[in-house]
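Asks: Starting from the structure of chain A, add chain B where the hints point.
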Amino acid sequence: MKPSPGALALKYLFILLACAVVLYPLLWMVTMAFKPYPEWTTVAGLTWLPQDPTWQNFEFIFRGHAEGLVVSLDRTITGPLIASLVTSICGTALAVVSGTLASYAVVRFGLAQSLPLSVLQLRLFPPLAVMIPVMVMWAFIGAVDTWWGLSLIYGIVTLPFAFWLMKTFFEEVPVEIEDAARVSGCSYWRVFYRITLPIVKPGLATCALFVFILNWSDYLLALMLTQKEWVTLPVYMATLTSAMGGQMYGMKAALGVIAAIPPVVFGLMIQKHLVRGLTFGALKQ
Amino acid sequence: MTDQAHTGATRTIRPQGYWVGVARDGQKMGFWFILPTFLLLLFIVIFPFFMQLYLSVTWWTPLEGIPWYSAWEVFSWFDNYLTLATDPRLWGALWRTALIMIVAVPAQFFLGMALAYLFIDQFPGRKLFYSILLTPMMIVPAVVGLMFFLLFQGTGPVNAHLGLPADFSWLTDVNRAMISVIIADIWQWTPLMFLILLAGMLGVPSDQLLAARLLGGSNWQNFVKIILPRMKTVIIIALVLRTVECFKIFDLIYIMTKGGPGVQTETISVFLYKQTFGDLEWSYVAAIGLTILIVLSVIAAKGLAYMARKQG
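Chains as they are written, first to last, in the working numbering: chain A, 1 to 285; chain B, 1001 to 1312.
In case anyone wonders, no lab produced these hints; they're calculated from the structure.
Take the hints with a grain of salt, since some may be wrong.
[Stated by the list, open to error] Just some of the chain B residues that point at chain A, by a computed CB distance under 8 Å:
hint : residue
1    : 1030
2    : 1073
3    : 1195
4    : 1196
5    : 1248
[What the hints assert, rightly or not] If we take Cβ atoms under 8 Å as the criterion, some of the chain B residues that face chain A in the derived model are:
hint : residue
6    : 1173
7    : 1224
8    : 1228
9    : 1255
10   : 1293
[Unchecked claim] Here are the simulated DSBU-like pairs of lysine-lysine, each with C-alpha atoms no more than 35 Å apart in a straight line:
hint : chain 1 : residue 1 : chain 2 : residue 2
11   : B       : 1232      : A       : 284
12   : A       : 11        : A       : 284
13   : B       : 1225      : B       : 1274
14   : B       : 1274      : B       : 1302
15   : A       : 201       : B       : 1127
16   : A       : 272       : B       : 1232
17   : A       : 284       : A       : 201
18   : A       : 284       : B       : 1248
19   : B       : 1232      : A       : 228
20   : B       : 1274      : A       : 284
21   : B       : 1127      : B       : 1248
22   : A       : 272       : A       : 284
23   : B       : 1028      : B       : 1127
24   : B       : 1225      : A       : 284
25   : A       : 272       : B       : 1248
26   : A       : 228       : B       : 1127
27   : A       : 284       : A       : 228
28   : B       : 1232      : B       : 1248
29   : A       : 272       : B       : 1127
30   : B       : 1310      : B       : 1248
31   : B       : 1258      : B       : 1310
32   : B       : 1028      : A       : 201
33   : A       : 284       : B       : 1028
34   : B       : 1127      : A       : 11
35   : B       : 1248      : B       : 1258
36   : A       : 11        : B       : 1302
37   : B       : 1225      : A       : 201
If you're wondering where the values come from, they're calculated on a predicted model, not measured in any experiment.
For each residue, glycine too, the CB sits at the ideal point set by N, CA and C.
Looking at chain A on its own, in the form it has when it is part of the complex (with noise of 0.2 Å):
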């Protein structure tokens, strides 16, 4: 049925207007990062695009000075940036693996039914309401504010995420291919390696992308289990004002954009997977 003109109309508006609100935020941060300092507040008129375009800000978090400017920063943003790669990727690869694995044992060889309930119990609780035991433990262990320990938790909470992900992809594998590789001599090992593995290969890499992305983004187990070597992003950007002292708007609005840029990019990749991630496989698009 073709909707009508004046419908269709409508419809466009309200989607335009939908648009229009999700962007403004973002606009207001994006231009940001490119102002000068007297633009960065509307006393002297509201300006969308940047009248006096400037790379000031990023020279500024990248070296800790730049041109004109009195004040100067202790900490670029290198260690970070380092920190945050280094953690998300590392915390991914340990998720990933290891919900790859478990997920698989769980399907194909029906260990552990009860797996997949409890491991989705990791993501009920507010991680707040679990994290003394986590700091004491990590105090104790010489985990805080390492590479390592941080890595280690990021594990833990996106293999539920891992887990359940990888789980849909294996049940989508036919079951038969398998057969057939086991009739023909096969070992379990090799079936899986050499069978399972790179017909799930696109659904690994799905994985691998959302689960870095929930890892990108997190800011309070950083913010409690780092004190200052391994300090990531969201970390660096909450805690730039204080340091400084006045509002360095454009500064932190130039941090944002670099620490949102990974996650759109990625997450506009996977979108068709978006929806079985986000709700642990119950959906497929």
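Replies: For chain B alone, coordinates are given in the frame of chain A:
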């Protein structure tokens, strides 16, 4: 594997299951496959649980200078639990968390549902608009906090657009701080509702919808009588997911207002964070955490049992 386990697997979406009669070498491999996950779970669930239980009946804080395992020296019975039952700040924080859930989740639901309805049919530009509308939920929550922090500054664009003076504050005002936080949460998570509900809506068999249209049902009738009943599971998933996540809300609030002004936007997570790092009341936080853990587990078990009964 036994037959009983095999019939259990037929309840999954695809009736094909796992191998029946896996040989011993296969069992062994399965064991090694599960081991890492099992160890991680053991490491993060069993041991911390007992430690939390232990610390929650003491007065231990990291300031005392005694290691955590000697916490029995400051044993306090159930004092922490008695304190939490009458702590006005804790109950205030719980109430504010509930308030955010009551306002934000339904708002996200209705907005997401309306948007999803607009996206059922194909139309030029659908893919582009779809991608734009999904962006907010992919942005790091801490960055969303920063974005709205910038927007709601006295000298920010919101005041400029509404024609309000620069001393009209949002984030430091007793009433408007909460409104700002809720707006930010709705902005970030409506796309998630939209995404899930749209997936559910597209799952409604199109021939049924077409038949209803041909029989002369109005759009509203079709929506209420054909689409909604077939989306029940999806709706439940979306609402449960958002409610659980909303209860955890921290990043956004902590960056926008730090729970302030005063305790006006202090949710349960922000409250626990402040108790942990501001007041260093670790055993008290352990007691609160354990209580939350138990209450949520009971609710989850009841919910699952209810769902199972409905399905069975």
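Asks: Hint by hint, say whether it matches the structure.
Replies: Checked hints:
At about 4 Å, the closest approach between the beta carbon of residue 1030 of chain B and any beta carbon in chain A falls short of 8 Å, and the interface hint on this residue holds. Violation of the interface hint for residue 1073 of chain B is found here, the shortest Cβ-Cβ separation to chain A being roughly 16 Å, above the 8 Å cut-off. Interface hint at residue 1195 of chain B: satisfied, since its Cβ lies 6 Å from the closest Cβ of chain A, which is below the 8 Å cut-off. With its C-beta approaching chain A no nearer than about 6 Å, residue 1196 of chain B sits inside the 8 Å limit, and its interface hint holds.
Hint status for residue 1248 of chain B relative to chain A: holds, with the closest Cβ pair at about 4 Å, below 8 Å. Given hint, residue 1173 of chain B at the interface with chain A, is violated; its Cβ is 18 Å from that chain's nearest Cβ, farther than 8 Å. For residue 1224 of chain B, the interface hint is violated, the least distance from its beta-carbon to any beta-carbon of chain A being 18 Å, above 8 Å. At its closest, the beta carbon of residue 1228 of chain B sits 16 Å from a beta carbon of chain A; the interface hint therefore is violated under the 8 Å criterion.
Hint status for residue 1255 of chain B: holds, given a least beta-carbon distance of 5 Å to chain A, under 8 Å. Look at residue 1293 of chain B: its Cβ gets to within about 6 Å of chain A, closer than 8 Å, so that hint holds up. Under the criterion of a C-alpha separation no larger than 35 Å, the hint pairing residue 1232 of chain B with residue 284 of chain A is consistent with the structure, at around 15 Å. Our distance criterion of 35 Å between C-alpha atoms is met by residue 11 of chain A and residue 284 of chain A, whose separation comes to about 26 Å.
Pair hint residue 1225 of chain B plus residue 1274 of chain B does not hold up; C-alpha atoms about 49 Å apart against a cutoff of 35 Å. Proposed proximity of residue 1274 of chain B and residue 1302 of chain B is supported: the alpha carbons are some 31 Å apart, at most 35 Å. In summary, the hint linking residue 201 of chain A to residue 1127 of chain B is supported, as the alpha carbons are separated by about 26 Å, within the 35 Å threshold. For the given pair, residue 272 of chain A sits about 22 Å from residue 1232 of chain B by alpha-carbon distance, which is consistent with the 35 Å threshold.
Among the hinted pairs, residue 284 of chain A with residue 201 of chain A is consistent with the structure: their alpha-carbon atoms are about 18 Å apart, no more than 35 Å. Between residue 284 of chain A and residue 1248 of chain B, the direct Cα distance comes to roughly 25 Å. Compliance with the 35 Å bound is thereby established for this hinted pair. Between residue 1232 of chain B and residue 228 of chain A the alpha-carbon distance is near 48 Å, which puts this suggested pair outside the 35 Å criterion. Restraint check for residue 1274 of chain B and residue 284 of chain A: the C-alpha separation of about 40 Å exceeds 35 Å, so the hint is violated.
Under the criterion of a C-alpha separation no larger than 35 Å, the hint pairing residue 1127 of chain B with residue 1248 of chain B is consistent with the structure, at around 32 Å. With a CA separation close to 9 Å, the supplied pair residue 272 of chain A and residue 284 of chain A stays within the 35 Å bound. At roughly 47 Å between alpha-carbon atoms, residue 1028 of chain B and residue 1127 of chain B are farther apart than 35 Å, so this suggested pair is violated. Restraint check for residue 1225 of chain B and residue 284 of chain A: satisfied, since their Cα atoms lie roughly 23 Å apart, inside the 35 Å limit.
Between residue 272 of chain A and residue 1248 of chain B the alpha-carbon distance is near 27 Å, which keeps this suggested pair within the 35 Å criterion. The straight-line distance between the Cα atoms of residue 228 of chain A and residue 1127 of chain B is roughly 43 Å, outside the 35 Å bound, and the hint therefore fails. This hinted pair does not check out: residue 284 of chain A and residue 228 of chain A have alpha carbons roughly 41 Å apart, beyond 35 Å. A hinted pair counts as satisfied when its Cα atoms are at most 35 Å apart, and residue 1232 of chain B with residue 1248 of chain B qualifies at roughly 25 Å.
Restraint check: the Cα-Cα separation between residue 272 of chain A and residue 1127 of chain B comes to about 12 Å, which is no more than 35 Å; the hinted pair holds. This hinted pair checks out: residue 1310 of chain B and residue 1248 of chain B have alpha carbons roughly 28 Å apart, not beyond 35 Å. Taking the CA atoms of residue 1258 of chain B and residue 1310 of chain B, the gap is about 42 Å. The hint is violated against a cut of 35 Å. Restraint check: the Cα-Cα separation between residue 1028 of chain B and residue 201 of chain A comes to about 24 Å, which is no more than 35 Å; the hinted pair holds.
Between residue 284 of chain A and residue 1028 of chain B the alpha-carbon distance is near 32 Å, which keeps this suggested pair within the 35 Å criterion. For the hint linking residue 1127 of chain B to residue 11 of chain A, the alpha-carbon distance of about 15 Å falls within 35 Å, and the restraint holds. For the hint pairing residue 1248 of chain B with residue 1258 of chain B, the CA-to-CA distance comes to about 15 Å; that is within 35 Å, so the pair holds. Between the alpha carbons of residue 11 of chain A and residue 1302 of chain B the distance comes to roughly 41 Å, so the proposed pair goes past 35 Å and is violated.
This hinted pair does not check out: residue 1225 of chain B and residue 201 of chain A have alpha carbons roughly 41 Å apart, beyond 35 Å.
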